[in-house]
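The task is simple: from the sequences and hints, build the whole structure.
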Amino acid sequence: MTMTEFSASHTATREPILKARNLVKTFGRVVGLDGVSLDLYPGEVLAVIGDNGAGKSTLIKCLTGAEIPDTGELYVSGQQVHFKRPQDARVHGIETVYQNLAVSPALDVASNLFLGREERLPGLLGSVFRMLDTKGMRRKAKEELTRLGISTLQDVTVPVENLSGGQRQAVAVARAAAFGSKVVVLDEPTAALGVRESNQVLQLVRDLRDRGLPVILISHNMPHVFDVADRIHIQRLGKCAATITPQSHSMTDAVAIMTGAAKA
Amino acid sequence: MTQQQTAGPPSAGHADLAEEFLDRQTPLSRIRNILHRYPALSPAIVLLIAVVVFGILNERFLRVENLSLITQQVAVVGTLAIAQTLIILTAGIDLSVGAVMILSSMVIAQLAVSNGIPGPLALIAGLAVGLAAGALNGFLVTRFRLPPFIVTLGTLNIFVALTLLYSGGSTVRGSAMPPVLTWLGSTFPIGPVRISTGVVMMILLYVVVAFILGKTAWGRHVYAVGDDKEAARLAGIPVSRVLMSVYLAAGAVLAVGAWIQIGRTNAASPNAGVDLNLDSITAVVIGGTSLFGGRGSIWGSLLGALIVGIFRNGLSLAGLDVLYQTLAVGILIIVAVSIDQWIRKVKS
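Chains as they are written, first to last, in the UniProt record's numbering: chain Z, 1 to 264; chain F, 1 to 348.
Hints listed in this document are in silico derivations from the structure and should not be mistaken for laboratory results.
Nothing here was measured: the structure is a model prediction, and the numbers come from that model.
One or more of the hints may lead you astray.
Said to hold, decoys possible - Chain Z is faced by these chain F residues, among others (derived, beta-carbon under 7 Å):
{"hint": "1", "residue": "Lys215"}
{"hint": "2", "residue": "Thr216"}
{"hint": "3", "residue": "Ala217"}
{"hint": "4", "residue": "Arg220"}
{"hint": "5", "residue": "Ala224"}
{"hint": "6", "residue": "Asp227"}
{"hint": "7", "residue": "Asp228"}
{"hint": "8", "residue": "Ala231"}
{"hint": "9", "residue": "Leu234"}
{"hint": "10", "residue": "Gly236"}
{"hint": "11", "residue": "Ile237"}
{"hint": "12", "residue": "Gly294"}
{"hint": "13", "residue": "Arg295"}
In this text, a Cβ means the ideal position worked out from N, Cα and C, and glycines have one as well.
The following block contains the structure:
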């Protein structure tokens, strides 16, 4: 995609799925976010990068309901929303995969996919005896994994702790993708992974985008960011220093903006 | 998937090799994976070996009367082990199980005998005591975020003191109670075997709790909370509510345990069951449930209680002093926890 094509596809003709305007969040005297705006368009991967303390996590937390911004507005599909807790964001179709805290190790793949929103059997068995529809959930879990192209994970009855780090991350991403109807937020999804596993997760991110699900990717890893991102939001000192694309800027440029050595 | 294998950078080939090496299964790791998957399997194997060995050592061991006696001896500990399993699955521990059961049994007996309250009502009062004790433990654990070990160490002493204050230290004999209170001490014949109703009640509880843990969302949430509290919370599970309900359920089970205890001993004594808390933990641990939470099976705890009962019974039939029974149980605990540690190392 060339620069001109890119900007053409993101002009006013398209409504952002997630829109943040002038978010401010302070912790006592510390200013975490100092008037940050962000747009996420359908079918794009937006990376958020920034040095430690730049406000990356705070921004993500405000977008996913884990923190409540002091001022500023948040819109989902053009409609203003006020998230008070992560569940609120979830109701609006925003699913988050948290770093290192994604899955319950002893539970199997299918149980993890449906954790917190289990499905019960129809009829009396479900309503009176509260029996889970284990078979149905396993079947759906398998379908979802196949749909996402996660072919290495066909046995959904394996406990998650028996999986490799990449496969675990894939389970977490699959859960987000299965239930996140509008936006998937990934916090450092490749931080603890090896080369092959990172590639699997990055491929998964591309697949999600190709299915039209926009992804917000928080990462420290510049090659990964430049590999999958369509646009890159650079946080610096609580503000958005620049929004660039892998085509318009090099990794060196991005690091320079991140550290304040250069302006966008 | 084929696409990304070719898309990977050159170093991916080496990473593949390294990962394949790590993935390679030895026969030992395969056994470990199976044990890991079925936590009740290792206690089942131990139980089988124990039965065979003690059966060879003494032909009286395998007689029906003796086996029936063993089940009666484990009925109370087996019931307490249900409550203990629920709490240990959430990565907690309950030192007050024995004390709660005794308090509940004293309330049941005193109300019926001294206050002349009808038996069924006295049993309901006992259930209320169990639930209240569970609510207190659960409240302290969820609201004040105190470690369950400390909370139940405190409530253990409180409940023991309350029991002595309430009962005045005196035992209530079964003969003075309404028949319904001692009903779980009765037996009924099935063919040549006499089955104790208390044992049937215990097994019934196991079936119900196994169903709830295995087949309902609540059961799955109990495992998830014990496994990784933060992951459970982020998955949208109301962690505090699950913990509270676990302590309440444990309290209810303990009240049934009180009923079984009255039947089994044909009395309600404030001095009974001081070390039942440790016995129940022993049964759970030998049964393969991990003290770190999130892993284990309720049936394992029944097997664990049976293993302890079989060791005690078999060793005494073999003519060994009671000291050796205690020694054997001690060794069993350490072996069981070591096996648990080894099993937990699966691909970590």
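Results for each hint:
At a threshold of 7 Å, the smallest CB-CB gap from Lys215/F to chain Z is about 5 Å, leaving the interface hint in force. Interface restraint check for Thr216/F: the shortest CB-CB distance to chain Z comes to about 5 Å, inside 7 Å, so the restraint holds. Here the hint on Ala217/F is kept, as its CB sits about 4 Å from the closest CB of chain Z, short of 7 Å. Against a cut-off of 7 Å between C-beta atoms, the interface hint on Arg220/F holds, since the closest Cβ of chain Z lies about 6 Å away.
A least Cβ separation of about 5 Å between Ala224/F and chain Z falls short of the 7 Å threshold, and the interface hint therefore holds. Proximity of Asp227/F to chain Z holds as hinted, the smallest CB-CB distance being about 5 Å (cut-off 7 Å). Proximity of Asp228/F to chain Z holds as hinted, the smallest CB-CB distance being about 5 Å (cut-off 7 Å). At a threshold of 7 Å, the smallest CB-CB gap from Ala231/F to chain Z is about 5 Å, leaving the interface hint in force.
A distance limit of 7 Å between C-beta atoms decides the matter here; for Leu234/F the minimum to chain Z is near 5 Å, and the interface restraint holds. Annotation: Gly236/F was flagged as interfacial toward chain Z, and the flag holds, the nearest CB pair being 4 Å apart, inside 7 Å. Because the closest C-beta pair between Ile237/F and chain Z is about 5 Å apart, less than 7 Å, the hint holds. Annotation: Gly294/F was flagged as interfacial toward chain Z, and the flag holds, the nearest CB pair being 4 Å apart, inside 7 Å.
Checking Arg295/F against chain Z by beta carbon gives a least distance of about 5 Å; that is within 7 Å, so the hint holds.
When the structure is compared with the earlier hints, no violation turns up for any of them.
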